[in-house]
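J.: Position one of the sequence shown corresponds to residue 13 (the numbering used here), numbered consecutively onward.
No lab work stands behind these hints: they were computed from the structure. Here the structure is a predicted model, which means the values were calculated and not measured. All C-beta atoms, glycine included, are put in the ideal place defined by N, C-alpha and C. One thing to keep in mind: the hints can contain errors.
Computed list of lysine-lysine pairs in BS3-like fashion (alpha-carbon distance at most 25 Å, straight line) [claimed, not checked]:
{"no.": "1", "residue 1": "Lys177", "residue 2": "Lys247"}
{"no.": "2", "residue 1": "Lys128", "residue 2": "Lys111"}
{"no.": "3", "residue 1": "Lys128", "residue 2": "Lys177"}
{"no.": "4", "residue 1": "Lys218", "residue 2": "Lys247"}
{"no.": "5", "residue 1": "Lys218", "residue 2": "Lys92"}
{"no.": "6", "residue 1": "Lys141", "residue 2": "Lys128"}
{"no.": "7", "residue 1": "Lys177", "residue 2": "Lys111"}
{"no.": "8", "residue 1": "Lys141", "residue 2": "Lys86"}
{"no.": "9", "residue 1": "Lys218", "residue 2": "Lys86"}
{"no.": "10", "residue 1": "Lys141", "residue 2": "Lys92"}
{"no.": "11", "residue 1": "Lys137", "residue 2": "Lys111"}
If you anchor each label on the Cβ, the simulated ranges turn out as follows [stated by the list, open to error]:
{"no.": "12", "residue 1": "Ile14", "residue 2": "Phe151", "range": "39 to 49 Å"}
{"no.": "13", "residue 1": "Gly168", "residue 2": "Thr145", "range": "19 to 29 Å"}
{"no.": "14", "residue 1": "Ser244", "residue 2": "Ser152", "range": "40 to 50 Å"}
{"no.": "15", "residue 1": "Asp148", "residue 2": "Met13", "range": "52 to 62 Å"}
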Amino acid sequence: MIRLIASDMDGTILRDGAQTLPPRIVPILRELIGQDFLFVAASGRQYANLRRLMGTLANDVDYICENGAFAVHKGEIIYKATMDRALGQELMADILAAKDCEVQLSGVETAYIQPKRQSYTDHLKHILKNNITEVDDIFSTSEDYIKISAYVHGDGTERYLEQFKERWGRQFLLASTCPHWIDFIPPDIHKGRAMEALMDILDVSKEEVMAFGDNYNDLELLACAVESYAVSTAKPEVIAACRHTCEYVEDVLQRLLHP
13 MIRLIASDMD GTILRDGAQT LPPRIVPILR ELIGQDFLFV AASGRQYANL
63 RRLMGTLAND VDYICENGAF AVHKGEIIYK ATMDRALGQE LMADILAAKD
113 CEVQLSGVET AYIQPKRQSY TDHLKHILKN NITEVDDIFS TSEDYIKISA
163 YVHGDGTERY LEQFKERWGR QFLLASTCPH WIDFIPPDIH KGRAMEALMD
213 ILDVSKEEVM AFGDNYNDLE LLACAVESYA VSTAKPEVIA ACRHTCEYVE
263 DVLQRLLHP
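Can you build the whole structure from these sequences, using the hints too?
T.: Encoded structure:
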């Protein structure tokens, strides 16, 4: 019997670059939570951003943030992984050296940026609604490195993704989960480990988990669920790894509520 539902956000629940939940899914999630189902928002997004995204449900769900760098249960961090600082600084220098690329260094409560263009700052503040801290020297920040991302101006994301893969593919999993963004994920930091930490504290087994995803950085999360779903627009490798496919997450959740 399913007790816990975990879903990726961008590309899975949020389609075509959407920055708000689809209206149809909100009452479905509210009804599921009212029936004692557990829901985990599992994303590459920062914690503050995810809480804003979940709106009135923010206090009723758990979170896997920054591609699995940490997990939050009832407002408390119950799992946290960090990136090697020297490797992170080498990566940030390479991103900053690229003409059309900006860097974002994620901490727990804020993301640090050293912007080249005002449009990048505006995008983070007004479109994504991230918590950000502008710094003059991003290499001097003292907080643990949670995640590093590149933002690509213009339409060169795929080109830069391939270039960065050539240089960094052995040290990181690179994922472009939404337009303009490339996440660099250390192989030992992923949504699956954070999910396992949540499953342990919630006393939930794999047979009681349903999970949804669309991209490579969801594979470990999906492996934690006996009922794994790839959305129809997912990467072929993700579809192959899942037990089921679906058009929309809310369709499956509606059937779970009303078989």
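J.: Next, verify each hint and record whether it holds.
T.: Evaluated hints:
1. With a C-alpha separation of about 17 Å, the suggested pair lysine 177 and lysine 247 falls inside the 25 Å cut-off, and the hint holds.
2. Distance restraint check for lysine 128 and lysine 111: the Cα-Cα separation of roughly 9 Å lies within the 25 Å cut-off, and the hinted pair is therefore satisfied.
3. Note on lysine 128 and lysine 177: the hinted pairing holds, with a Cα-Cα distance of about 23 Å set against a maximum of 25 Å.
4. At roughly 23 Å between alpha-carbon atoms, lysine 218 and lysine 247 fall within 25 Å of each other, so this suggested pair holds.
5. With a C-alpha separation of about 21 Å, the suggested pairing of lysine 218 with lysine 92 holds against the 25 Å cut-off.
6. In summary, the hint linking lysine 141 to lysine 128 is supported, as the alpha carbons are separated by about 19 Å, within the 25 Å threshold.
7. For the given pair, lysine 177 sits about 17 Å from lysine 111 by alpha-carbon distance, which is consistent with the 25 Å threshold.
8. Taking the CA atoms of lysine 141 and lysine 86, the gap is near 22 Å; set against the 25 Å cutoff, the hint holds.
9. The hinted pair formed by lysine 218 and lysine 86 meets the criterion: a straight-line CA distance of about 21 Å does not exceed 25 Å.
10. The straight-line distance between the Cα atoms of lysine 141 and lysine 92 is roughly 23 Å, inside the 25 Å bound, and the hint therefore holds.
11. Between lysine 137 and lysine 111 the CA atoms are separated by roughly 22 Å; this keeps the pair inside 25 Å, and the hint holds.
12. At roughly 46 Å, the beta-carbon separation of isoleucine 14 and phenylalanine 151 lies within the given 39 to 49 Å, and the hint holds.
13. A hinted range of 19 to 29 Å holds for the C-beta pair glycine 168 and threonine 145, which are about 26 Å apart.
14. Serine 244 and serine 152 have their C-beta atoms about 45 Å apart, which keeps the hinted 40 to 50 Å range intact.
15. Checking the proposed 52 to 62 Å range against aspartate 148 and methionine 13 shows it holds: the Cβ atoms sit about 54 Å from each other.
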